[in-house]
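Peer 1: Take a look at the letters that make up each chain.
There are 2 protein chains.
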Amino acid sequence: MYECLLHHETFSRLEARLKPFSDRISPVTVSDSGEIGRPWGEAACDALIAHGNADVWFSGAARAFGKYLYAADRLDFFQSSAAGLENPFLQKIGEKAQAYASSHVQSDAIADWVLWAGYDWFGNGAARRAAQAAKEWRNVHFREIQSTHWLIYGFGHIGEAVGRRLKGLGAHVTGVRRSDQVSPFADRIVHPNDVSADEIGQADAVLLCCPHTEETENLADADFFAAMKEGSLFSNVGRGALVDEAALLKALDAGRPAHATIDVTREEPLPADHPLWTHPGVTLTAHTSALTSESRKRNDELFLENLSAFLNGEPLRNLVDAKAFADQSV
Amino acid sequence: MYECLLHHETFSRLEARLKPFSDRISPVTVSDSGEIGRPWGEAACDALIAHGNADVWFSGAARAFGKYLYAADRLDFFQSSAAGLENPFLQKIGEKAQAYASSHVQSDAIADWVLWAGYDWFGNGAARRAAQAAKEWRNVHFREIQSTHWLIYGFGHIGEAVGRRLKGLGAHVTGVRRSDQVSPFADRIVHPNDVSADEIGQADAVLLCCPHTEETENLADADFFAAMKEGSLFSNVGRGALVDEAALLKALDAGRPAHATIDVTREEPLPADHPLWTHPGVTLTAHTSALTSESRKRNDELFLENLSAFLNGEPLRNLVDAKAFADQSV
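Protein chains in written order, with the numbering used here: chain A, 76 to 405; chain B, 76 to 405.
For reference, chain A alone in the conformation it holds in the complex (with noise of 0.2 Å):
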């Protein structure tokens, strides 16, 4: 018998869909304010299921949950609803965990986030929102997303996510990624050994889901900001250590790039006291570009059919190479 620990409300919204796993499983709930709950009453168990999503994370359940995985003998399957396995926490729990699930399907929330941010770049919503409040019948020029160039650093999940929708609007994109296999979501896929100063010029946005390794560490700096065109739009999705963030807001200063939209930092929660709050040329997001219902609902899926695997001894989808956790350069 397995415990299975999960957000509360995760447990409230599946739980008609966990109980053909009844003989199986016995949830343990964590609510917002830390309590644990056994909604199915006791059961002696002696294995550990555990599903990391984002209403444990992005809540107040965070903590608890964490207490609770780490006070456990064994942690037999973990599924996250995050990519990245970087993350010290993640790490924690990947070291621990004898099966451990990433997932992907937060892409397409991602790259709507991204498109959010390029079509309000672009359309000039900052000069509309102005002409509004000072109620100015006011022409405000703006440009279309398909005479745009973009240049997207990390071209996996997230990165094809977003040259799909920008393909289909009928923008550039180049893609940057270490296979140099040809994808339908990009015009050119480049090495990141071959960005030059030329071809970082010739972006008017250029975006950052990449994950975070020693090599991409302020991957974005001084000299990656003097290379971009004037009047173009940095974007940041992956995560805040491929930034140089001293050097972002001198950049934004000398109008290369004129703006930046991003949703990670260096450090988070952002304290209240740094630049990039009240910068005019940021455009700051909490880290919560992942957060759509729809996203959720995948996540959703994804858990009770990999939980299913597992209980079956069928592979799981999106498992995790242990030697990921052992490794910090994935």
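Treat the hints as calculated values from the structure; they're not laboratory data.
All values derive from a computational prediction rather than experimental measurement.
It cannot be assumed that every hint is accurate.
Chain copies aren't distinguished; within one or between two, either way the pair holds.
[Claimed, not checked] When the alpha-carbon atoms are kept at most 27 Å apart in a straight line, the in silico DSSO-like pairs for lysine-lysine are as follows: (1) Lys-142 to Lys-372; (2) Lys-325 to Lys-210; (3) Lys-372 to Lys-304; (4) Lys-94 to Lys-372; (5) Lys-304 to Lys-325; (6) Lys-167 to Lys-142; (7) Lys-398 to Lys-142; (8) Lys-398 to Lys-171; (9) Lys-171 to Lys-142.
Using the hints provided, position chain B relative to the given structure of chain A.
Peer 2: Only chain B this time, still in chain A's reference frame:
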């Protein structure tokens, strides 16, 4: 020899490409301050061609341009950069012109304006900006475009340009038009007479991009809004007269629709004391949804193409039937 009346900036952009016609046209330019210029010198002309584009209508030149046209004995060919004909100003020009050509090249720009409106509403842009303004690292949930249903009134050039984008993004599109011809850019086509309250209630976003006629006057009234879904978006890029604005403001207070993003109003420019400016549920732009540099370039090309065709006695693109101006119900 034809006088060729156009904005002085349009002339500057196109001078080199107008040169081949210099034996048949004599440019007459209008500046933003209303000054008339003859950059190639005076010439004995007995006929008139004019190009009324965004440079003219969205600047101080409009008045002098109109005055020049009205005072002229004749108007042989008028190239408009607008699709609509029902504007009284254009009606007057249309009645005078021997040949009048319209333009649909703004559709791509307007479609991007609509996508901007959609992304900012479903992406919860206002809440994101409010969180940043408060320096609060806060969860902002949002909705993916691919999960949204759109009802598009008027499924011609603009409607199809919007539908093409939305379909590419995975949204569900219902187009409303008289012609029952299927479209690759809509899941369904519905006749205006067959739009039920239920149909309206299923849409997460309703867009008006139909012309203003007797039938469409006040199309969006109290009953229409009452049928809309809670939390939905209403958008108008057609004409202000399609909407009962008092009913819209009441409807917003009642939450159906939850938001209105509109580019057109009954009175334009909208008076500074009009409640649409400040209602928290309204995003308003100044009839500028077509104002892109790409749109200007496409109109330049159309003008040059039609100018050449006109001078060579060839068929014009987008030639408007003279009856359109005799009969107002176009």
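Peer 1: Hint by hint, say whether it matches the structure.
Peer 2: Results for each hint:
1. Lys-142 to Lys-372: Within. Shortest intra-copy distance 26 Å satisfies the 27 Å Cα cut-off; inter-copy 61 Å does not.
2. Lys-325 to Lys-210: Result: close only across copies, 21 Å inter versus 33 Å intra.
3. Lys-372 to Lys-304: Answer is between; shortest inter-copy Cα gap is 22 Å, intra-copy 39 Å.
4. Lys-94 to Lys-372: So Lys-94 and Lys-372 pass the 27 Å test inside one copy only (18 Å; across, 62 Å).
5. Lys-304 to Lys-325: Cα proximity of Lys-304 and Lys-325: one copy only (15 Å, versus 46 Å across).
6. Lys-167 to Lys-142: Within one copy, since 12 Å is at most 27 Å while 76 Å is not.
7. Lys-398 to Lys-142: For Lys-398 and Lys-142, only the intra-copy Cα distance (24 Å) is at most 27 Å; the inter-copy one is 78 Å.
8. Lys-398 to Lys-171: within (12 Å within a copy, 79 Å between copies)
9. Lys-171 to Lys-142: The answer is within: 13 Å in one copy meets 27 Å, while 81 Å across copies does not.
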